[in-house]
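Given the sequences, and given the hints that come with them, work out the whole structure.
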Amino acid sequence: MDVQPIVPAEPVVVVRHLRKSYGRTVAVDGVSFDVARGEIFGLIGPNGAGKTTTMECVEGLRAPDSGTIAVLGLDPVRDVRALQERIGVQLQEAQLQKRITVREAVDLWAALYRAPVDGGRLLDQLGLRERQHARFMTLSGGQKQRLLIALALVNDPEVVFLDELTTGLDPQARRAIWDLVRGIRARGKTVFLTTHLMEEAERLCDRVAIIDRGRLVDLGAPAELVRRHCPTATVVVVTAAPEAAAAFAAIPGVTSVVQDGTTHTIRGAAGGLVTEVIRCLAGHRIDVRDVRTDLPTLEDVFLETTGRAMRD
Amino acid sequence: MLRGLWRLTWLELRIFLREPLGVFGTVLAPVLVFLALGRLLGGRVRATDPDAADVARDLPVVVAMLVAVGAILSLVAIMAIYREGGILKRLRATPLRPATILTAHVLVKMLLSTTTLTLMAVAGRRFVPAGAEAPWLSFGVAVVFTVACVLSIGFVIASVVPTARFAQPLGALVLYPMLGLSGLFVPLDVLPPGLQFVARALPFTPAVSLLRGIWHGEGWASHTGDMAVLALVFALCVALASRVFRWE
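Line by line, the protein sequences are chains A and B. Under our numbering, the first residue of the first sequence is numbered 838, with each subsequent residue one higher. Under our numbering, the first residue of the second sequence is numbered 1120, with each subsequent residue one higher.
Everything labelled a hint here was simulated from the structure, so no lab data went into it. No residue lacks a Cβ here, since even glycine has one placed at the ideal position from N, Cα and C.
Computed spacing ranges between beta-carbons, pair by pair:
(1) B:M1229 with A:G910: 41 to 47 Å
(2) A:T862 with B:A1242: 56 to 62 Å
(3) B:W1339 with A:T862: 53 to 59 Å
(4) A:N884 with B:A1242: 53 to 59 Å
(5) B:P1139 with A:S977: 22 to 28 Å
(6) B:P1139 with A:A971: 15 to 21 Å
(7) A:A1023 with B:R1133: 34 to 40 Å
(8) A:G1005 with B:P1281: 20 to 26 Å
(9) A:R966 with B:R1126: 18 to 24 Å
Right under this line is the structure:
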């Protein structure tokens, strides 16, 4: 599907017709998008979709086969030195020396850049102060990830790249990382991340680009994508009232009502379905044993646009 | 541009010293083995006696070469671990150059090798006295020069070897035949002509020739050829390594 990207007001990342193959495998196949200053932009899709390759081309770690990329007006391949001072990166599955301490890592990174931030304050911000003398190998998954984010922030970058930053973390650590990422945006930085977790994209990203098999499928705010691709919602009402099925069928916008014993499955336009069903229940004074809603998510958008479920 | 070199070198040294087995294996174990052997043999041969056995006469040269080979293998292993673990990839996204990373590790290896050799020299004098006339200072300079040059062979292997598991056998496969043909254990003259030709083309041969010559009191002037070849090996290996260096 050919999708025209929406051009935001002030793009800090501009990607046009990016292509990259490894041997005969086409990893990225003509991807175009922009990332606006100050937003959290997510590249989403299953593993192997081309997210990391796209991001590493933008970071200047890989040279594209064709297409153009500008980051802060710089060419990531030609101007990689100038770019490195102004961006921060956290790489997928990156490790540090096993016996390096948290503080040593931050200090080493600070020594590599021209204008580093204060290492101690950075550790405070990321909640690593009390672990500053701990060796990398002794950190928990969440702490490692926070340290890698800290390293991405050492040079006070304008754009921060985070590749699969919560993969393998437990839900609690994941939420803590999400808060950190929102904090990065709150300090005026642009965040460009990749994830294969639709929940993460939905909760964190201002805009997402869905990428599948190296191609851009669609791009927009998560809610907007859901409205565009999955306009149907489902409400399940469990009630013994005999008049219920007919009453539900009469609700404007309802496309189908399936009754299975006392369980009624109502489908209709996502916009006002839940409100209308509640109004109907109140209007007909129907006694209800249970009500469940099943609203479309990015997961459904992915299924709808690619014809495939996300694989973990 | 070597920004961060000193900090990285100092850091890598401290990280290395935190690994108890690494310190033992690299610095202490060779000295202890040496001491044990010395006590066992209990020889009172003077290392510079013209009529002493070849092995005793060349002991410092043998030790220096073995420590150099150990340093190369260790360099290759560390770089392989760093590549496999994604540490190199992470460093790549910083302003660090590959040359800076390699140089830091070479400096650490040089420091550790020099420490080991100094300890062995001090320990070994009890069993194999070198005699007052032994040219320790010149020999020390020759060792540092030689180790620095042959470590560059490690750059090339370290630049391409994909995994840590592969690093050790590949390093051994390249280094031990070169050591065997270096003239250290078997005089080059007794080799068949074809093998002699190969041996003279290998970089360990001038290294052994230089170390042996300086140890036996020959002047630097008679070894300018060896030094030139070693410098050339260094330049070629550095150039090759910087072309084939792989971050991941």
